[in-house]
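**Q** One letter stands for each residue in the lines below.
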Amino acid sequence: MSRYTGATEEDLREMLGAIGVESLEDLFTDIPESVRLGRELDLPPGRSEQEVYEHLAALAARNRSAEDEITFVGAGMYDHYVPSLIDTLLGRSEFLTPYTPYQPEISQGGLQVMFEFQTAISELTGLPVANASVYEGPSAVAAAGYLAKLETRRTKLVASRGLHPHSRAALATHAAGYGMEVVEVPLDEDGATDVEALAAAVDDDTAGVFVQQPNFLGTVEDVGALAEAGKRTGALLVCAADPIALSVLKPPGELGADLCVGEGQPLGNRLDFGGPSFGFFAADQRFIRKMPGRIAGETRDVDGKRGFVLTLQTREQHIRREKATHNICTAQALNALAGVVYLSWLGKRGFAELGELLLRRTHYAREALGLEAINPGPVVREFAVRVPDLRDVMQRARAAGINPGYPLARDYPEFSDGLLVAVTERRTREHIDRLASLVGAQVPEGAPA
Amino acid sequence: MSRYTGATEEDLREMLGAIGVESLEDLFTDIPESVRLGRELDLPPGRSEQEVYEHLAALAARNRSAEDEITFVGAGMYDHYVPSLIDTLLGRSEFLTPYTPYQPEISQGGLQVMFEFQTAISELTGLPVANASVYEGPSAVAAAGYLAKLETRRTKLVASRGLHPHSRAALATHAAGYGMEVVEVPLDEDGATDVEALAAAVDDDTAGVFVQQPNFLGTVEDVGALAEAGKRTGALLVCAADPIALSVLKPPGELGADLCVGEGQPLGNRLDFGGPSFGFFAADQRFIRKMPGRIAGETRDVDGKRGFVLTLQTREQHIRREKATHNICTAQALNALAGVVYLSWLGKRGFAELGELLLRRTHYAREALGLEAINPGPVVREFAVRVPDLRDVMQRARAAGINPGYPLARDYPEFSDGLLVAVTERRTREHIDRLASLVGAQVPEGAPA
Amino acid sequence: MIDETVTVFERSRAGRRAFVAPETDVPEVPVEELLPADVIRERPAELPEISEPELVRHYTTLSSKNFHLDEGFYPLGSCTMKHNPKLHERVAALPGHARLHPLQEPEHAQGALELMWNLQVALGEIAGLPHVSLQPSAGSHGELAGLLLTRAYHEDRGEQRTKVLTPDTAHGTNPATVTMAGYEVVKVGTADDGGVDLDDLREKAGDDVACLMLTNPNTLGLFDRNIEEIARIVHDAGATLYYDGANLNAVMGITRPGDMGFDIVHFNLHKTFTQPHGGGGPGAGPIACSDRIEPFLPVPQVVQRGDSFDFDFDRPKSIGKLRGFQGNFGVFVRSYAYICSLGRDGLKDVSEIAVLNANYLKALLARPGIEEYLPIAFDRTCMHEFVVSGSGAKEQLGIKTLDIAKRMLDHDVHPPTVYFPLLVDEALMIEPTETETKERLDHFADVIRAILEEAKEDPEVARTAPHTTPVRRLDEAGAAKRPVVRWRPEADNPGDPERAQKAPASGSGAM
Amino acid sequence: MIDETVTVFERSRAGRRAFVAPETDVPEVPVEELLPADVIRERPAELPEISEPELVRHYTTLSSKNFHLDEGFYPLGSCTMKHNPKLHERVAALPGHARLHPLQEPEHAQGALELMWNLQVALGEIAGLPHVSLQPSAGSHGELAGLLLTRAYHEDRGEQRTKVLTPDTAHGTNPATVTMAGYEVVKVGTADDGGVDLDDLREKAGDDVACLMLTNPNTLGLFDRNIEEIARIVHDAGATLYYDGANLNAVMGITRPGDMGFDIVHFNLHKTFTQPHGGGGPGAGPIACSDRIEPFLPVPQVVQRGDSFDFDFDRPKSIGKLRGFQGNFGVFVRSYAYICSLGRDGLKDVSEIAVLNANYLKALLARPGIEEYLPIAFDRTCMHEFVVSGSGAKEQLGIKTLDIAKRMLDHDVHPPTVYFPLLVDEALMIEPTETETKERLDHFADVIRAILEEAKEDPEVARTAPHTTPVRRLDEAGAAKRPVVRWRPEADNPGDPERAQKAPASGSGAM
Ligand SMILES: Cc1ncc(COP(=O)(O)O)c(C=O)c1O
Ligand SMILES: Cc1ncc(COP(=O)(O)O)c(C=O)c1O
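Residue numbers (my numbering), protein chains in the order written: chain A, 1 to 449; chain B, 450 to 898; chain C, 899 to 1409; chain D, 1410 to 1920.
Any given hint could be a false lead.
What the hints assert, rightly or not - Heads up, simulated EDC-like pairs for lysine to aspartate or glutamate below, C-alpha to C-alpha not over 16 Å straight-line:
# : chain 1 : residue 1 : chain 2 : residue 2
1 : B       : K754      : D       : E1885
2 : A       : K305      : C       : D1098
3 : C       : K1085     : C       : D1098
Calculated directly from the structure, the hints in this document are not laboratory data.
Please work from the sequences and hints to get the whole structure.
**A** In structure tokens form, the structure reads like this:
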């Protein structure tokens, strides 16, 4: 059995003596016999480091990861290349092992990272204020809903069907708590949010309107038009965004979005079967005192030296308790660090170059597959197509070591033969061509190419 | 093409200006045209980090490592479990990226590690002085030969055939330089060094006598007897040792060895296809001023504070040049760090427990295989057996995902059907039993079990 | 410029780069032909332009301004800052875990599902509550899940309840969660022994009460001896009893929330089951519950079918999804490795030594020279942590708890949690954890003694502490009054002169 | 005890442990039944007994006492302290590399052999010498290989040669190697322009000379314009011309040792081809040579057979083996990744920027306020490094080069190589490398200026520097006089009191 404790026999004697008790047992007398477990936990015995490693390595070997296959699955998390320096920096105990920087004088590293992260997110989203991270994408959307409620005191949320299914689900789950109704707006025949329908759904009870850029199908939305329609009655326009796509797309903040939130995984975080990653939360200046989560601010010390602190804490649970603007405490600081390091690694030019590479490969892929597009309009890094005999294609592809994409049927029954195909800088033209040849064989005569 | 340089266009202009030249070309005018390359290097163009990663990962995938098969191959390097904290500590830039601690005031970390390493090696070998590392095992043996020459000014070296073939080869190669003859002493029928033959080979010209504990076949040698026979005429007794075996075996220093050297890989270092690892070099007090390599010593600073420095540097090339006791400069500091962390991780009790586990599994394995033993005597972690139809067994085993051991034929033609089988804590009884069933099928009727 | 405090943005120089794009192996169609003009980004995001060497140095140097657990003692009360075994980083980084896509079909993710299943079974056994969802992202997210489950449970029974009870010692996330879940907070008092005031509880536990949120041991580090009576009262009122698992480190293998009568519990995997805290996450807040709550658990649930595993989405009464995908799997890997390493005996050992260490340190602080200044609040045998009051030091030495904490920074130990719980004046909440040695505890007591001794001579030293840290006391009021929450080139900027002129995309108007 | 300088042995407490053995799954036969009594270890090695958390803290805290390349500027002349790309650690750690046994059959190690082959081809092209052995463990090992090859070459021709020429500017390993290789060292002088004194060379290059060891650019950072004439003289004498490749960073893709007339060259992969220096290794010192030397290269050689790769052991004229197995493969992986990343254009870029940075820094130091005190030795366009003399500072300010170096420690920059090469009085040998930015170079010049300014006011500050480091100037003389090279429990020891009594296994008699 592994042990991380240090108490020796001798320590035990001395410590019990100092406490003034006979045995460890004596320290637990407050616990009524009647609620004692009175037996060993029904768990396996402990094992050595080596044995635990072998066990977990054996489990890992039973997963087919992006190291084992060529995957075109995205749908919210993407197989981007994570640069090595992120491993090195996140592996440093100085970043890895401290907790929330409650003592700023010995936490300037973490606090400055938060400040830099907030700056980078502000740059991406085109909004002046960002927090230091929330849990992840869909719960960030739910948090935006809560802010909309606090801000407007209204009762209704309107969400595009183009919003990630998990975001819509999380929004509904949380709204059930803070007592709001969620109304869904359909997509038009091009796979974009139906602007008229959205305009119609919004009324004086509407606290927030939710769209996603690009939307779940990969469609580049006309955020400007949606904002105009959505904000008519004073609701907040919440835009969920793929941060990578913002390398080439106009920042939601420049198009009228009040809040821009999203999933940070594409920014230097591993897939990790879905987490941990980070959520980002950016807002217009007027919401700065209603934001959820930690915010680092710049200030000076008694000697006038530049420094950083957690600021605007009167929003937070540890100060305001039931009056807090959100209950979040532990967030995703380490993942946010990966995010800002990743963006700094890409740099001003590299970020744009990456976006353009994805844009080109994605359009090339949609061409190459020659299948009917569900969303024929502009896309950045992901698109949806109809695949006649989808199951068959999936099987053949998997046999060939390729995971062709995410089937839409579960989340969009209306696209029962739909496949969502994502491209990253790791998916080369050669990969794309191999996928094309696999599905190409399936294209029925006369199907639109 | 990847770049790790920082000079921008603007920098270039300013810097050339400050230097007072027009172009980079002007900085190379000292190089005669006639020796200029005058063309591009005939190498591929540079690639992105991601592409280089993919290329090297593809190469690595074409090796069958100990992660891919159950290996019983040892013969000098062993598949021990390397604890995770070694990755963490060796990955710290503070240990990874500085060079030799020429400035002790800003190198106390590295210097104290050397001092601790020397202490651990001294404990293992039973000799009072150890240096901070040499390259690796066989060249450490050669270095011991050079010390024997410097010490005795004699011309002959006597080496047991039980010494690792690579050590004998390296000794011969280096001796050809410093002008010494190497005489080999055979093994007896039990696979141990022939004490009489050794006694006979030693004479007044003999500078050093080389034995290995356990020897290459895994045999536990009677080092005491060999030392007695070898030192008769004043030669130095050099014992090469497997540091892991010293957990259960009497330290060579307590048995008359003047020098104890060896391969450090088993101590927390990866296999790495043969390197980098480290060599250790321990000696009796009288040789402290003839040792090769860096040695850290304890001292005090001007304020009386405890500290460490590189000491006895008058032995070394950077001070003594042609009069140096060895030419070594860059050694294996990082690997030695892994060694002392590993030994501290094992600890006083754990080191013994590990040795006893190997001892028991090894004897169990020799029993279980039921093959004719080449060295029937005591062994610690490795043993040699005769395998009728060896090639066949090898093939069947490899097909079953098992690498049964190292065939002796190349290094010991006299054991053309010999197989050297090594056991580590990673080779469980179940692995051993699987190997046994594979070779067992091959045991001819009436063969000794 | 190199050594002072400079952001990565200020280190930017036009033309530098670390990243190099893989070759464009498809036609280089102009962006304008692929995207409509009005959606194309006009100005690039003003990200730093910096070389890899300088990027590594920037963050390496920054990191060294952090105090961290691998450096020294970190008795931050309620946070369970125990050692993070290095094995966990190795297993979490295995490509089979780290590069596994969350939407990989279950048949190709059997290892991951088995790991989640095994972790659920272990957590259920430790809690004494059989049904587990790993989905919540942290403790407070687990709390929210717990109240959403409570709401769904009551609504399913046709009951409308509007209030949730929390002790006045509760952690801030409890009341904050109550509000977010659409309930009204009702505080329950604390009795003289530090436990729940039963009379107050009886009075407030009416049929409009949905839940009592409790942690036991509580935030004073005390085990509530009346837990069975508390459970009876709450259940008689038809409310659920919620267990805030942040303090579970005290009782593993000794007593279980389920056996105490709790209906729902959240775990802080990043506390009890050791995660590197990462400067404020990531963590995970799985929940466990009893049979009557089970139908409402989030989707998807990991289920075992024969000897394979699958996700179950078909749960009609489920509260739905709390977040994307299935939770912080990378966190699960680490906590599962921890449970495998320690096993049944090791986990009990953890709690016993955690309690031993806390009581030993409490005993050291109860000695003359300290206890006059830092009296122990509710002095009785504590569990994994305890609380002292700085009231004595404030009155007799004129130094506040804050001053003591700041002075500790000069002694290379992390201060305890301060000014919490609120009902203790000038509180210091001390949780040593089981992975600390006796020497560390002795040293900490010596540091406190030294600080108090020093204050007798000259309180100003503590009042103006810290003195040896990268920065000294910072102006937090000013930071909140005029918040500067992102770097702007307008600010004096050693960076690329041009950039100083033109505002970035988001510069317009803001702040 | 916790913060001062304490060895890991002194932290030991009987009964603590980090390691836990895997279960003994075979019969627990007593050791006495498996080993003869007289070979069994009587007393266990006195290794530390310490828990994982404290072990991690010990070495983490120790590490923070090191200055390192990822922290700041490290212009250690002749050592080429360039950035270590983090990618290299990732690819070296791939199990297919890290867990590959050196005796794996070639057919199951094709990836590794191909990597070694590709690296050999690249190094051969860069050196202009086609035949490469990767085996030597470091530069000095490569030098030894070079002289053993020279000896074998001459003996094969029936020649006996006894002398090896080295310039007086040569690095210490050159003469040390000559002695180890059984030759006599003959020094060749340096001309006024910093190059080899041709007349002296002509005089000494007799038929008893086996080799001239040279580095070009030399240790002064100067390219020897007469290299062709030098080669002619050496070859006319029948000797080999050996290239010490430590300074190759200056000329990649611009000129090649082979084209200059060298017969044998060693590479310092840990310099030119960036390895993390690890506090003093590991490195690797591959050698390349011309056709006439090739037959004598060490065994085994990696060879290509069709489209697969193999080891060739059958080389009758080979000098044999220099070490175990096939060399420091983990080092090859990193250098190969480096060459793949930079490619033909990137490597040339490296040398150009390395030379640019050196000349720019030289220009900064040639300005008033510095050059009076630190005149540049042999002032002409330098290559990747240059040497200044502290003679001016010594005479006019009364501070030695050592004092200047020690004062730099207080400014968070690593001092240059000092007191080498020997023929420059009070030498400072400065090699910035190409991965440093202009800001770093400017800062370094500012630091030097500040130190000199300060010394004008008060030389004592530098004479007693450093002032801000973990320890200050250490008693090196005392350390060498009474060497204490291992910890002993006899020494005052805060550790386990018992241990202080009984001496460890090796305690007897020693020191
Ligand atoms: C008692 C208690 N409850 C709840 C929480 C909230 O947990 P988390 O930070 O994971 O959201 C904490 C953590 O600080 C805590 O100490
Ligand atoms: C010029 C020169 N030659 C040879 C060497 C020796 O190389 P190594 O340290 O790798 O043995 C060095 C390294 O310091 C050097 O600078």
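**Q** All hints are to be evaluated individually against the structure, with a verdict given for each.
**A** Hints, verified against the model:
1. B:K754 x D:E1885: holds (13 Å)
2. A:K305 x C:D1098: With a Cα-Cα distance of about 50 Å, the restraint between K305 of chain A and D1098 of chain C is violated, given a limit of 16 Å.
3. C:K1085 x C:D1098: Given pair K1085 of chain C, D1098 of chain C holds - Cα atoms ~9 Å apart, limit 16 Å.
Checked against the numbered hints given earlier, this structure breaks only hint 2.
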